[in-house]
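Protein chains in written order, with the UniProt record's numbering: chain A, 1 to 185; chain B, 1 to 336; chain C, 1 to 497.
If you're looking for bench data, these hints aren't it; they were derived computationally from the structure. Treat the hints with caution; some may be incorrect.
[What the hints assert, rightly or not] Incomplete in silico selection of chain A near chain C, CB under 10 Å:
(1) G69
(2) T75
(3) P76
(4) V124
(5) F126
(6) E131
(7) I133
(8) F144
[Unchecked claim] Residues of chain C placed beyond 12 Å of chain A at every Cβ, according to the derived structure:
(9) A17
(10) E55
(11) P132
(12) T187
(13) N196
(14) A257
(15) T348
(16) Q349
(17) Y362
(18) A391
(19) G419
(20) I468
(21) V477
No residue lacks a Cβ here, since even glycine has one placed at the ideal position from N, Cα and C.
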Amino acid sequence: MTEPGSRSNGDKTAADPPAELSLADAVHEVEQAEHDLRPPAAGPVTNAVVAAVVILLGAAALLGSWSLGVGSARTPDAGMWPFLVSVVLVVLAVVLLVTAKRTSDAERFSRGSWLVLAGLVTMVVFVAVVEHIGFEIPAALLCFVWLRFLGHEGWRTSIIGSAGVVAAFYVIFVAALSVPIPHLF
Amino acid sequence: MTGNNGVTRWAAASLALGLALSTTACGGNLGSGANSGAQDFPGGQPVTIYVGQDPGGSTDLIARALAKGVSDDLGVAVTVENKPGANGALAAKELAGKKPDGHTLMVYNGSLAYITPLAVPPGEAIDIAGYEIITGISQDDYVLVTAPSSGMATVEDLKKAGRPITYGTTGVGTGSQLSQALLFAQTGVTATPVPFDGGSPTLTAVLGGQVDVGSIQLGEAIEQIKAGKLKPIVTFAEKRPSYLPDTPTAVEQGYTIPVQQSRAIFAPKGTPQSVQDRLRASFQKAFGAADYKKFNEDNQLTPNEVDGTKLREQWTASLDGYRKVVDQFKITLGKK
Amino acid sequence: MDLSPVIDGFGVVLEPANLLYCLIGVVIGMVIGVLPGLGPAATIAILLPVTIGLEPVTSIIMLAGIFYGAQYGGTITSVLLRLPGEASSVVTVFDGYALARQGKAGTALGIAAIGSFFGGTVSIVALSLLAPLVAGVALDFGPPEYTALALLGILLVSTVSSGHRLKAVIAACLGLLLATVGRDGFTGAERFTFDNLSLADGLDFVPIAMGLFGLGEILHNLEERHRATPAPVAVANVWPAKADLKQSSGAIGRGSALGFVLGILPGGGATLASLAAYALEKRRAKEPERFGRGAVEGVAAPETANNAAATSSFIPLLTLGIPANATMAVIFGALLIHGVSPGPQLVTQEPELFWGVVNSMYIGNILLLIMSIPLVGLFVKILRVRATLLAPITVLITLIGVYTVNNDVFDIVLVIVFGAVGYLMKKFGFDPGPLVLAFVLGSLLEDSLRRSLLIFDGDPTGFLTRPISGVLLAIFVLVALLPPVRAALSRRRARQP
Chain A
1 MTEPGSRSNG DKTAADPPAE LSLADAVHEV EQAEHDLRPP AAGPVTNAVV
51 AAVVILLGAA ALLGSWSLGV GSARTPDAGM WPFLVSVVLV VLAVVLLVTA
101 KRTSDAERFS RGSWLVLAGL VTMVVFVAVV EHIGFEIPAA LLCFVWLRFL
151 GHEGWRTSII GSAGVVAAFY VIFVAALSVP IPHLF
Chain B
1 MTGNNGVTRW AAASLALGLA LSTTACGGNL GSGANSGAQD FPGGQPVTIY
51 VGQDPGGSTD LIARALAKGV SDDLGVAVTV ENKPGANGAL AAKELAGKKP
101 DGHTLMVYNG SLAYITPLAV PPGEAIDIAG YEIITGISQD DYVLVTAPSS
151 GMATVEDLKK AGRPITYGTT GVGTGSQLSQ ALLFAQTGVT ATPVPFDGGS
201 PTLTAVLGGQ VDVGSIQLGE AIEQIKAGKL KPIVTFAEKR PSYLPDTPTA
251 VEQGYTIPVQ QSRAIFAPKG TPQSVQDRLR ASFQKAFGAA DYKKFNEDNQ
301 LTPNEVDGTK LREQWTASLD GYRKVVDQFK ITLGKK
Chain C
1 MDLSPVIDGF GVVLEPANLL YCLIGVVIGM VIGVLPGLGP AATIAILLPV
51 TIGLEPVTSI IMLAGIFYGA QYGGTITSVL LRLPGEASSV VTVFDGYALA
101 RQGKAGTALG IAAIGSFFGG TVSIVALSLL APLVAGVALD FGPPEYTALA
151 LLGILLVSTV SSGHRLKAVI AACLGLLLAT VGRDGFTGAE RFTFDNLSLA
201 DGLDFVPIAM GLFGLGEILH NLEERHRATP APVAVANVWP AKADLKQSSG
251 AIGRGSALGF VLGILPGGGA TLASLAAYAL EKRRAKEPER FGRGAVEGVA
301 APETANNAAA TSSFIPLLTL GIPANATMAV IFGALLIHGV SPGPQLVTQE
351 PELFWGVVNS MYIGNILLLI MSIPLVGLFV KILRVRATLL APITVLITLI
401 GVYTVNNDVF DIVLVIVFGA VGYLMKKFGF DPGPLVLAFV LGSLLEDSLR
451 RSLLIFDGDP TGFLTRPISG VLLAIFVLVA LLPPVRAALS RRRARQP
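Turn these sequences into a full structure, and let the hints steer you where they fit.
This is the structure:
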């Protein structure tokens, strides 16, 4: 693990007497610092799949804009601009696919990725029920899941915390600001 | 653990405050909204007026000038909401989908009713039969302007330009486009329309010489004309507007193109008659205010405060009239 | 130069509501600057719904305060905990923490605050002088110039930002495509709406920004392994000694100039400015080995530069309507929500807004200087609030906040979708910044391009024969071709012995 800060920087200058921290090095160091706590880099297969997905997206946009009508330079039609952009997108994505082996800035899915999925599920539940039973119950549920299971807080903190947060939101949004968010009480 | 205690204390306090306030706040609001019937309009609920143009344009200014008077009369907040796009077609579509309870209205531009249908494929145009009309508001004339640096001052100069003219319009299917398309078709000038989003960007483009000429509503152009930064070539009014006595009308010069912008208040189809009457009364009051009358004068607007039925007749007649000229000169305004 | 609008601008700032929101903005900025996790772009995106009820000038004053306030706040954690709260304070860690370990934390913070104030002020003065000049050529900016400017802006932001260049341009293309959703203003055709009425007027900026920046960042942080927060170093005397001030005065001056210039350039901004200023000081120093071991200049230079850049990045936004970085893109969106379209016309058409915002930065910088020194202890305490408690609150603010914009549940759906997209983009190395920026500029770019083609009667060489658009496009080509050519050259050189 490279540490951000004085030491790694010192090492570099020691090996490189002109003592010049080039911009590229510095940017690299900043990114290094940010990546220390992140999951490891993904392999070439993931990179290729990502590039392929972008190609598919671009191709879909290409077909869509073609069907809108491209027109000519003299009389541009509705599809001309999205057509041009999707052509560029597809070309760039193909380059990405070709260089997939050399890219190293994608992350692997880790155990932590399940937490992200769980977090998304709480939001989907929220939006699915909010119109029918108001925001209070799904908000409390969301808060509790995030505190207890995603944040590893204690049971007591999680229960009191989620109740408190919902109460505070009720006071702010419903009682004080009269925002017309669906609410049960 | 101080952090934990802090949270507990804070949570307890907010809970207590929440309980105290919830006695004053209303209960749940689920499935509400249907209860605001015709009897108790406006029932303390705010009214929203859509404007299909950007803030600062004449439609927006008119809506804001009226909102205050109507709000005072109804005793509820009246807010103007700008939903620009497709010359107001976006706002009109959105209005059609709103509950017909009088709480959502729109300042509807005549051009959308009697010019846009000439520019878009049949079936895509919005039919005013799908709305209730509360009241007419006012009319606005178009003036053809150019920058002094263009060296053009009359229609004859345009004919002699010896190259294709570019003309700025305030959008596809607007009076601005129709008036110029008709003029150039009748004078035999080759010209390309360049659509902008409303009056203000069109004005800027003419000022900067990006386009040769542009047709702009009089109220939006008058300041720059008076300042000498824009030259009026012709107006598209039937008679010379009192605000521009020295500028000839296109009709005077032998072209059959009176094109005006007209505005009205629309409500979703099915708004109860009693609510419509209440709103019309409110707008009448707003029209009567001295401030509003001065606003009309300042902005070169001619009042047209007729009722819904009359307005519907006016606009339908305009649509039929324009359709005839457009067919006669084989003008294409947009995509058919 | 006519000074009356400038003075009127001060009148605007000194209105109590504006002063209050300026204070709220800089405090929020400092707090999020202290807390690692949410950056200024995400915070401003999340707070967009709050600003809708405010006057345009008030809301921009607050949002701007968050942005430059965050530059101050980021310093505190860098110095005391070796945890940069913001990317723009990362280099401050090198010497700031070293100073703190020598018991000179107060000196480091004091110098940083003074440098920040100085850098910010220099930028504001320059902004006040420069902006009216740009406004003078406003009328020369027609559709072709806007086309070239928007293209250049998007390209610069994509290529200069850190990270994978190709992926950044791809993200920008996706943003341009998203901007085409909805009814086409030229022909009235419905594009990519899938007959969904909620998409008819196009995608709204607020859920996209809130989702990509706000939720995306929170979800991405969920995967991070927990780091133990080290105990902060005690802060003693915050007023730096005269000798320290004297030693860093050169660094502060150079940092201001460098920060100002890098902030104006699209794609520059605070992070790049702080890195460049640090590198410059180190190169100039007589004893470069002091850097990293507690050189005062090593704190003064980047902190001055990041604040100068934060302020000067408003110049391209307010004068040309081109956001220079992701945060500016969000503020651009906020202006559009209020019906103000940023561009060369802004200074003359909305002098109150323009000068109100510019002058609020003077006040905001004074507020920050006053607060940051005595309140350091308080901000350190904020670090005790655990991220796990903040995350669900932020998520709920986002979900409920986005609803309040249009009172439409569809917006909540959108924000969640874009939250997921934002997470995946970060996961796979795509910076969401260029996407948001391109989305914001997308319709301006397309409309200008199509208008230009109409004006040129379909002849694309028209772009090259007009002086301003020609020059801008030449720069565009240079910027686009330079990196691949340089890469090819260096590969060739590497092959040759």
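Violating hint indices (sorted, rising): Of the numbered hints, 7, 12, 18 and 19 do not hold.
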